[in-house]
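Spelled out, the chains give:
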Amino acid sequence: MNRFENFKAGLIKDNPVFGLYLGICSTLAITTTVNNAIGMGAAVIMVLVLSNMIISAIRKIVPDDIRIPVFIVIIATLVKIIQMLIEAYAPALNTSLGVFIPLIVVNCIILGRAEAFASKHGVLDSALDGIGMGLGYTVAVIAMSFIREVLSTGILNIVNPFNDAQVWLNVTLIPADYTIPLFNSPVGAFITFALLAAALSAYKTHADKKAEAKAKEVK
Amino acid sequence: MKFNFHVSPNLKGKQTTQQIMRDLTIGLLVIFLCACIYYGMNYGMRYVLQLFLLLACSLLTTLVCEAIYAKILKIDIKTFLKNSFGWVTAIILTMMCPISITPFALIIATIFAIVIGRLLFGGFGQNIFNPAAVGRAVIFAAFAGATTDLVTSATPTATIASNYHWLPATPEVFDSFLSEYGGFWNLFLGNYPGAIGETFTLAILVVGIFLIVRHVIDWRVPVMYLGTIIVMTAIIALVSGIESYNGIPALLWYPALHLVTGGIVFGAVFMLTDPVTNPTSAAGRVFFAMGAAILTVLLRMKANLPEGCLYSILLMNMFTPMIESAMDGNQLKIAKKVWITFACFCVLALGVSFFAGSSVEPVRELNTSSSATNGATAFEMPTIQEEVSL
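The listed protein sequences correspond, in order, to chains A and B.
First residue of the first sequence? That's 1 in the UniProt record's numbering, and the numbers climb one at a time after it.
First residue of the second sequence? That's 1 in the UniProt record's numbering, and the numbers climb one at a time after it.
Think of the hints as simulated: they come from the structure by calculation, not from any bench.
Take the hints with a grain of salt, since some may be wrong.
Pairs of lysine to any residue, SDA-like flavour, derived with a Cα cap of 25 Å [unchecked claim]:
#	chain 1	residue 1	chain 2	residue 2
1	A	214	B	74
2	A	204	B	3
3	B	74	A	217
4	A	210	B	71
Bound conformation, chain B alone (with noise of 0.2 Å):
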């Protein structure tokens, strides 16, 4: 009697992981695309040859880093770099700087995302925290000032924290905010100074649809993550008590406005999405990305940093462990712990959007705007350009 033995496991799925990897680079390509676009046609070709100096930089210092890491371990360089996909961390990690860093922070930062966020726990596979989240953590710790004399205006991300602490409360109020930046269309399209990859709500949701179609992406995280923004968001126009605009009620536009600015968008679909990092289980999948967005939210409203998608994706890859091991074992019988945890995470979400909505002082008169708060980054309109020179 003869038997054959499988070594498991025996259920593959039809993806490879370089395939997966090879749909992801696409997308993001694809918004890199749009932000070449975008500052090709409002700044000029300068700016889009900065973008792509930028984009080489941190390909360049990825691939060094990874070769000489390779070298030192003795593996087979080629068969290292094409399994490590680095490229994908460098592409994430340009996109969410904004196009007036220095190449020189940006490589520094890549050097810190690359060698301290993932090859040094082992490589790719290993690693705890997202590597992009990494890089541009230390840009922010490290290299706040570091900027190249290209000049965009502040964001609105900028503006609406400083001036508005995120919480427009009247129409008039409201249009002063969006006649800056061209209006909702504009700041939905991606029309308007930012990271570079970052902006452009429509493209990136676009390219996130196709690649759940796909399957390289999980629904569950970008869905959940956003449906419960917008959830809180609109507790914290209700409790706050925001007017309508234009008939809309503040239930509708005040979302919508936290979904249009800042990177949520690029978080939800490129960052909280990482396979590495995620927890593996379905509804493991669900409260990280629930937890991600109720520190989000807080992080927005209530701390110091104009933007909170960033530090919430690293917290939560801190507390990936501790989801992974509550939500192990038997999917259907624990599914009494999971809903239990589901009512508590909707609790903490709900506490959390009365807390912000009741302690932020929602801005109601204009002329606080008007009054800038810090004069480095407010109010210069990107209509004048210097001619600048590199």
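So that you can see chain A by itself, here it is in the shape it has in the complex (with noise of 0.2 Å):
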């Protein structure tokens, strides 16, 4: 059950990008289309759970001196493996994600969890807790550049990561003269990433308000 919670935690209460504030940077630059979320998201989730894992398998044996140069190497390492691999088999990615695949390695996200998590629990949570963290982020993305692509162009199109010919979803959902180009520019970056983490909080609040309620009542 605990596991269940953390799991939980990583999604919504402490997501990474709007409760945490964690990896900002390429959160505001790659949210344009949906599609570089997506593959974002896959590649932060894939980096996250392999580097929580090994890491949380080597933390006996790491001095405490120098861990954070052992865990920036493991994850440098990965990203290094899952940029190659995007280039290789998902080209058309590589090329509208650019720099900020590689920049995966100082994103605050994966040195912030294997710090406050990966060093101190087992195998298994650290998994878990990678997938839930990088869920978190993904859906944080994906909400983000959903917003974005659907205010500032109205066109809603999603293609297959490997093979760019292939389009699963294009709908237009908001005729081109009631577009708001202001979303496309990093203005609207920040104005989208700040409602929604208003909004975020504006939940927390709420929800914690309910609880005490609750354990009032239960008094």
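Using the hints, build the complex out of the two chains.
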């Protein structure tokens, strides 16, 4: 049960992007299209799960003084592997994500989870935490990119990342005259991010109040 | 023994916020009436109807946004709407837009202005940025091309910025600019295309004086703002060696040109004076206005934008908390600090004017003006108006 709670926390309450404010740089930059967001989310999940597992497996033999360089080397190796895989099998995704795939190395979520969770817990727990946090990140970027893409272009377009000729979904939600191109620019990214973070914060305050009221009733 | 306690503040001004806002609304509506007369006389009823349509869109959006906000926060909608004064924002925003804007763009800008610029900060009295300026900035950023087929010609602000770099140096060049818009008097009266409310310099000044006399707005802000701009542009005229025009020295006509084109008078009277985003101390307001003036001149002369008033207001709004905390405390005790800051601002203004005056190339020959730079907005005289359908 405790494990499941950990897993769930990463999704909503401790959502790495909107709750802990980690890894915002890539979040703001790549959320122009839903395709990018899905690709980036998948890459982050893979790196996060693998790095969490490896780090938690070697946590007892790594000396405390040099743990951060060791973590970074592990994460960088994993990111390089993922980057080469993406380059080989999804070249279109590679061009549109560009420099933000190698930059996963310095994404705070991954080092943060390694430091805060994986270096203190067992392998299975760490893997679950990695999946939870990774999914939290993915949900966050997909939500942001959905809002930004639909508002700025009016079209929701999802293609197969391994073969960009194969279009899975292409629907026009808003007629072209009524789109807001602002959301395609960095300004739109910041506004979307702030609004979603504010919404999550409001939800959390609301939930806390509810829990408090319930606790009082029980007393 | 019995003590009577009164909750502070014990010293109250006679005016209520409601009265101030009512006066401000009347002032704005006077300018709106001027706009109706101008468009009615020059372009016909269709344009006047479009004016009312735009205003109605903005006002309705404001009402709906605020009602929803009050509903979510479970406040009584009627009292909230009464004390939120959203309509002032809506009217100012409408007046800052060109008439060719689509109602959709205006509605989105109003939503941004009201919801993000104002309500999310906590409603009336809590906002950091002037909400109307936020809305206008959204239109600048997002809807540059969103225009209806209601055509007006190029605004003098755009023309003078793109063709003359704000520096027509000889009487001939200045004459060729003035002749496009019917002379200096026409520019002063507001009889030329531009944003809906910002062109009527004379009417705005009259309304401004009326509002100052009624203590609705603080005289320091518009006076210091326009005064600093006049001094700075006079220095620019001296530095760049502009010639005198029909016997009037450049020292006098060049600042006047800056005042009558673009929206700085509108901004000075209706937007900079917004009591919510101003510093509260008198000294702070002076520095606020001076900083905005320096930014306006700098943006006009050196930036890509034709007009600097809007962004100078937004930027100075960010500095308001800083000015506020610097000018906090006993005003007599900090007098020395105030004068030192004042001197610093003066030096900064001097420096900016010397920089702008010496680095912008004055336009001395006429042929540069005839080769229009951007074809979309340049030189369509308002004489021929096609029958347009909405």
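Here's how the hints hold up against the structure:
1. A:214 <-> B:74: holds (22 Å)
2. A:204 <-> B:3: violated (46 Å)
3. B:74 <-> A:217: Holds, at roughly 24 Å.
4. A:210 <-> B:71: holds (20 Å)
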